[in-house]
Amino acid sequence: DVKVTQSSRYLVKRTGEKVFLECVQDMDHENMFWYRQDPGLGLRLIYFSYDVKMKEKGDIPEGYSVSREKKERFSLILESASTNQTSMYLCASTVGGGKTTYEQYFGPGTRLTVT
Amino acid sequence: AQSVTQLGSHVSVSEGALVLLRCNYSSSVPPYLFWYVQYPNQGLQLLLKYTSAATLVKGINGFEAEFKKSETSFHLTKPSAHMSDAAEYFCAVKTDKLIFGTGTRLQVFP
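First to last, the protein sequences are chains A and B.
So the first sequence is numbered by the working numbering: it starts at 1 and just counts up by one.
So the second sequence is numbered by the working numbering: it starts at 1 and just counts up by one.
No lab work stands behind these hints: they were computed from the structure.
Nothing here was measured: the structure is a model prediction, and the numbers come from that model.
We put the beta carbon where it would ideally sit given N, CA and C, even for glycine.
There's no promise every hint is true.
[Unchecked claim] Label pairs and their computed distance ranges (CB to CB):
| hint | chain 1 | residue 1 | chain 2 | residue 2 | range |
| --- | --- | --- | --- | --- | --- |
| 1 | A | 22 | B | 42 | 38 to 46 Å |
| 2 | A | 27 | B | 55 | 25 to 33 Å |
| 3 | B | 97 | A | 108 | 20 to 28 Å |
| 4 | A | 26 | B | 70 | 23 to 31 Å |
[What the hints assert, rightly or not] Under the rule of at most 27 Å between Cα atoms (straight-line distance), these lysine-lysine pairs were calculated in the DSS-like manner:
| hint | chain 1 | residue 1 | chain 2 | residue 2 |
| --- | --- | --- | --- | --- |
| 5 | A | 55 | A | 13 |
| 6 | B | 97 | A | 55 |
| 7 | B | 68 | A | 3 |
[As the list claims (entries may be wrong)] Among the chain B residues that face chain A by a calculated CB cut under 10 Å, a handful are:
| hint | residue |
| --- | --- |
| 8 | 38 |
| 9 | 55 |
| 10 | 99 |
Only chain B is shown next, with the shape it has when bound in the complex:
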């Protein structure tokens, strides 16, 4: 069965620091992988997606993620955090349906 695991329900960083949000997936077939962001009181917005093209995927707002098949990972990074990045982030894997992780809440301190 396909699944996705997000390590760390809460991550805190200082403004300007590296952001690293971890996602590991389990899939018996080549997956499509997604990162979504949810700002307070809003729906989910797509940050980026991996669809078996380039393994390094660039998304909106300076985020990127690297697909590593050997590690079954798709971690999300941003070199320098902004206060506006504070939100909840969801990793998702798509095979026959979209399966979401439990989310990581990112806090950014000044």
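With the rest of the complex left out, here is chain A:
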């Protein structure tokens, strides 16, 4: 079974703090994604990566950055956390290139609260 793990299930941070959310997948997937989930808005794509050290902005990248130094790990960074970044963050991965079935595998999510 594909496994996508996220470093924390719940996180509470203060405004202005730098926040790191970590995601690891164990299926050698090329593509990895970060979404945020908010009530009534569904999932919105923040950033994605299709290879090590490669990244692409999604629909709502402002206030976020990402890092992918190893194929299995994709980090989301909040440079200076703000209260409007309180949300559920979901990581996902999928096989890339010609092998892809486009099915994304999701981690359990990190519920971040910024106070």
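Put chain B on the given structure of chain A with help from the hints.
Frame of chain A; chain B shown alone:
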């Protein structure tokens, strides 16, 4: 631009009743379509997917969905609801990226 619309943010059914969750999509190219389920405090899990093979797609836990190009719809159904089906359901369309609907929360009453 591609988009997906889920009609009804909340749906309530009695145990044993038919479940119908509606999804309409907009796409300029033949789409890949997905239904995901999210149980409380968990990530999303794939229920089923349409990838231009059979128009009636069967998924896990007794769910199925029918792709209707003329109606641009991909509604999710289950003949008989169980209490364990209570969750949030997301429809998604994939063209160059995966676009999710806003979700439908299903409640099942005994």
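For each hint, the structure was consulted:
no.: 1; hint: 22/A x 42/B: 38 to 46 Å; verdict: 18 Å, violated
no.: 2; hint: 27/A x 55/B: 25 to 33 Å; verdict: 30 Å, holds
no.: 3; hint: 97/B x 108/A: 20 to 28 Å; verdict: 22 Å, holds
no.: 4; hint: 26/A x 70/B: 23 to 31 Å; verdict: 42 Å, violated
no.: 5; hint: 55/A x 13/A; verdict: 26 Å, holds
no.: 6; hint: 97/B x 55/A; verdict: 14 Å, holds
no.: 7; hint: 68/B x 3/A; verdict: 33 Å, violated
no.: 8; hint: 38; verdict: 8 Å, holds
no.: 9; hint: 55; verdict: 18 Å, violated
no.: 10; hint: 99; verdict: 8 Å, holds
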